[in-house]
Amino acid sequence: MAQMAYRDALNQALREEMARDPRVFLMGEEVGLYEGAYKVSKGLLQEFGPKRVIDTPIAEAGFTGVGIGAAMVGLRPVIEMMTFNFAILALDQIVNHAAKISYMSGGQYRVPIVIRGPGGAAFQLAAQHSQSMESYFCHVPGLKVVMPATPADAKGLLKSAIRDDGPVIFIESEVLYGFRGEVDEEEHLIPLGVAEVKRPGEDVTIVAWSKTLHLALEAAEALEQEGVSCEVVDPRTLRPLDKETILNSVRKTNRVVVLEEGARFSGVGAELASLISEEVFDLLDAPVYRVPGIDVPMPYARNLERAKIPTKERVIEAVHHVLYRQ
Amino acid sequence: MKHRAGRARQEGDAGALPLEKLLGMYRGMVKIRQFEEKAKELFQQALIRGGVHFYIGQEAVAVGACAALREDDYITSNHRGHGHCIAKGGRLDLMMAELMGKATGYCKGKGGSMHIADLDRGILGANGLVGGSMPIAAGAALSAKLRGTGQVTVSFFGDGGANIGAFHESLNFAAIWKLPVVYVCENNLYAISTCAAEATAVENIADRAAGYNIPGVIVDGQDILAVYDAVSQAVQRARRGEGPSLLEAKTYRFEGHFTGDPGVGYRTKEEVEAWRQRDPIAKFRDDLTATAGVDEAQLKAIWDEAAQELEAAVAFAKASPEPADEELLTDIYA
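Protein chains in written order, with this note's numbering: chain A, 1 to 326; chain B, 327 to 660.
Treat the hints as calculated values from the structure; they're not laboratory data. Small disclaimer: the values here were computed from a predicted structure and weren't measured. It is possible that part of the hints are untrue.
As the list claims (entries may be wrong) - In the DMTMM-like style, the derived pairs of lysine to aspartate or glutamate whose C-alpha atoms are separated by at most 20 Å in a straight line are:
1. A:Lys51 to B:Glu568
2. A:Lys243 to A:Glu221
3. B:Lys428 to B:Glu653
4. B:Lys576 to B:Glu529
5. A:Lys198 to A:Glu221
6. A:Lys39 to A:Glu29
7. A:Lys312 to A:Asp295
8. B:Lys609 to B:Glu581
9. B:Lys504 to A:Asp55
10. B:Lys644 to B:Glu367
11. B:Lys504 to A:Glu29
12. B:Lys471 to A:Asp21
13. A:Lys42 to A:Glu29
14. B:Lys471 to A:Asp55
15. B:Lys347 to B:Glu397
Only chain B is shown next, with the shape it has when bound in the complex:
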């Protein structure tokens, strides 16, 4: 059942989608990149604490996937969740306030980086347990199916998550019940320092789809249009009631695993540099200017707007109060 995602349009041809949609996707990637760079800076200033896992380098996956979704569709995320949240429409100010542990944050400062959730946008939550959100995604899909809403769930996880039992149980449930869910594996080659090739006996995570009799699709995770196409096909299939798919986006995190990991030692400088040359934002920028008639000034304007939004988000977060002491005791029981 596995196949490489074929693109309907020619390589680098961004012209098949409406310009507004394309620019929106570009804006999404830029927002993630800027947000993560800023979060890194704020972490160094100790304004953000805890464990923060940056999404830099993988932006095409979250944005490409979420661009294929309806507003009322669901996503589940993992520990590296900022990109997924922004791609699904999450607000930078509420995210930044959450990262700074402020009362105005998405979770009143009680969740932090690894637990950001947004009920209104179908973001069921980032998740600190590898594989933990995979059965939850199947459950959201089961709910949508039983309620007959036509909603689809996308579950983001990594190559590390592909090796935990929840992966198998979730894909099996999704397959036997034909649930409207798309499992998107972001294979960034390393689970912390453990190389996927050493932790996984198959060459591709997508090869495992055969074990569930569902489509397994490999896609270039640095190419947002390829991701968009592959996820669109899987989402349409899910919405038609034909069941789940397993997508594997081959990608790379440019940074270390988290704030405390420089990302070297287990990766060569050459390897990191080679992947940095495949920056998904730079690639999309080239696609847009080459084939969609977008000029540099438009792209710069998007970059600048995003920077302003981010600046306002940081100011909002900094000015926000810490949660009141009483918040310690709320939201535990319904």
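Chain A with its partners taken away, still in its complex shape:
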């Protein structure tokens, strides 16, 4: 085990998989010489050369489509979106092509492609550079959607995503790139679709992923001081969703708070609330309570940005709410 930053864990995953499988290559804006806008591809051009680390013009639909074509006939591309906001430009290729080609061709073609990059709000980047895109992609059958919150998960899940035979949307977080944690430097794979209980507890389940996981853990720590025991569940993969781990936690605590940075309406949290209501309604002691992003575009001003996204205080309030405490 070694302490390393989230970005270095991703870098290690890419390096290991590129060394292991000559079909794997990285492509995107600024991934080569510049080593990635967030330095995730540091050293890879030097190590693997320009045929395996390919800088592209600014053309998200184009290079995503190029990746899909390459994936259909023998390669395993990893496409870097400088940020996931720009994946909106590539939605036709992702939704109409990557996600559907296997189904439409009756399973003749597979599209083993990973589309990765940071999503969500960072540091006052305003409306076009701060979007949480997971609900867009979660709505598309044929896509898998992965959102690691820790360096260890980042490494283990990216390696599994690259080995997956279908398209995987892999959303990282700009504010987590410098986050450090223990990472297994040996072969470390985490299967897609398996959640993890990040903190065991008894009274309330908090479901949270990516950077909101850390908010949940901070809130749980604070609540512990007042005698409330929270169990924090990180789905890690949103599609396919590890329903059982989430439901088992709710069966134990009977109360649940769902965190989500993305906007409330039609968010992933709505799906989780529906799942929990359908499966374990009789075991609930309070309605599922959501702490989502506010239904507005991301504002620029520091105070307004903070008001838009979930905060530790809102999580604590939510836990109080499901416990019927003031």
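Fit chain B to the given chain A structure using the hints.
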């Protein structure tokens, strides 16, 4: 960089290619024509549903282009894809079964007319999104280049597709990376009802090749030998590692845009009739009899054989079962 495709041989001279190859090309065009006429009939009988876009009138482009390819080369197609699939060697029975939504179809009945694909023949798929397959073609070419296989990809698209952003992004990628891909624009003058002249500021789509510093070639899309020559040159160039080309075949769809469009209103009767007089199959038949020493009996035999194959394909499709209910849930995830 643009030029009109020069034919190595004299006009109408089919004699420069082996007879077997020429007859194979004729067979390909005939198969497409018959398949499309039959599909039209089956659509009227409601045995085929959805959106079907007929290729009648454009047969010389698909067959001429695919005749210039190796078996392991790739093609990408668009919504008007039956001709491309047949030209690349696609099986009529599996196609017809797919059109009828049967379990034995190319895609188990889950794709239909606009999504026919054949892994074994390098057919990466028809595509319902205009321009959608253009970057995918560049990607297949990138894969071939990185793997060093010498394979070339031909990407078929229309004058409508030339106006979507994917066109620009794809040609730019192909040009800067010298990808082994040939972009073949079938300019049939109309994107549904929108006249290309009103939707495109340049006179020819091929003029745009200059913007990518690649060859732009205009070819008569009703002349299969002209198409074959132009695509052959572009394919050889691609295989030599010299990069992509943009070909524009001037052609015409004899039918409407799709099954629901009679194809009138935006086109005059005179215009349609004038193009019908330039039927690519009739032209090639004349070329073959005039300069390749082929007699009418040989051509009739090819027509009859194709009709038999088609009849068997229709019977196969009709007799095939619908996909099992469980198929709803398969092939989504690897």
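We went through each hint and held it up to the structure:
Restraint check: the Cα-Cα separation between Lys51 of chain A and Glu568 of chain B comes to about 17 Å, which is no more than 20 Å; the hinted pair holds. For the hint pairing Lys243 of chain A with Glu221 of chain A, the CA-to-CA distance comes to about 25 Å; that exceeds 20 Å, so the pair is violated. Only pairs whose Cα atoms come within 20 Å are accepted, and Lys428 of chain B paired with Glu653 of chain B is accepted, the gap being roughly 11 Å. Using a Cα cut-off of 20 Å, the hinted pair Lys576 of chain B and Glu529 of chain B holds, with the two alpha carbons roughly 12 Å apart.
Restraint check for Lys198 of chain A and Glu221 of chain A: the C-alpha separation of about 12 Å stays at or below 20 Å, so the hint holds. Simply put, Lys39 of chain A and Glu29 of chain A have alpha-carbon atoms about 12 Å apart, close enough for the 20 Å limit, and the pair holds. Between Lys312 of chain A and Asp295 of chain A, the direct Cα distance comes to roughly 19 Å. Compliance with the 20 Å bound is thereby established for this hinted pair. At roughly 19 Å between alpha-carbon atoms, Lys609 of chain B and Glu581 of chain B fall within 20 Å of each other, so this suggested pair holds.
Restraint check for Lys504 of chain B and Asp55 of chain A: satisfied, since their Cα atoms lie roughly 14 Å apart, inside the 20 Å limit. Restraint check for Lys644 of chain B and Glu367 of chain B: satisfied, since their Cα atoms lie roughly 14 Å apart, inside the 20 Å limit. This hinted pair checks out: Lys504 of chain B and Glu29 of chain A have alpha carbons roughly 19 Å apart, not beyond 20 Å. A hinted pair counts as satisfied when its Cα atoms are at most 20 Å apart, and Lys471 of chain B with Asp21 of chain A qualifies at roughly 17 Å.
Our distance criterion of 20 Å between C-alpha atoms is met by Lys42 of chain A and Glu29 of chain A, whose separation comes to about 14 Å. Distance hint between Lys471 of chain B and Asp55 of chain A is fulfilled; the C-alpha atoms sit about 16 Å from each other, no more than 20 Å. Restraint check for Lys347 of chain B and Glu397 of chain B: satisfied, since their Cα atoms lie roughly 14 Å apart, inside the 20 Å limit.
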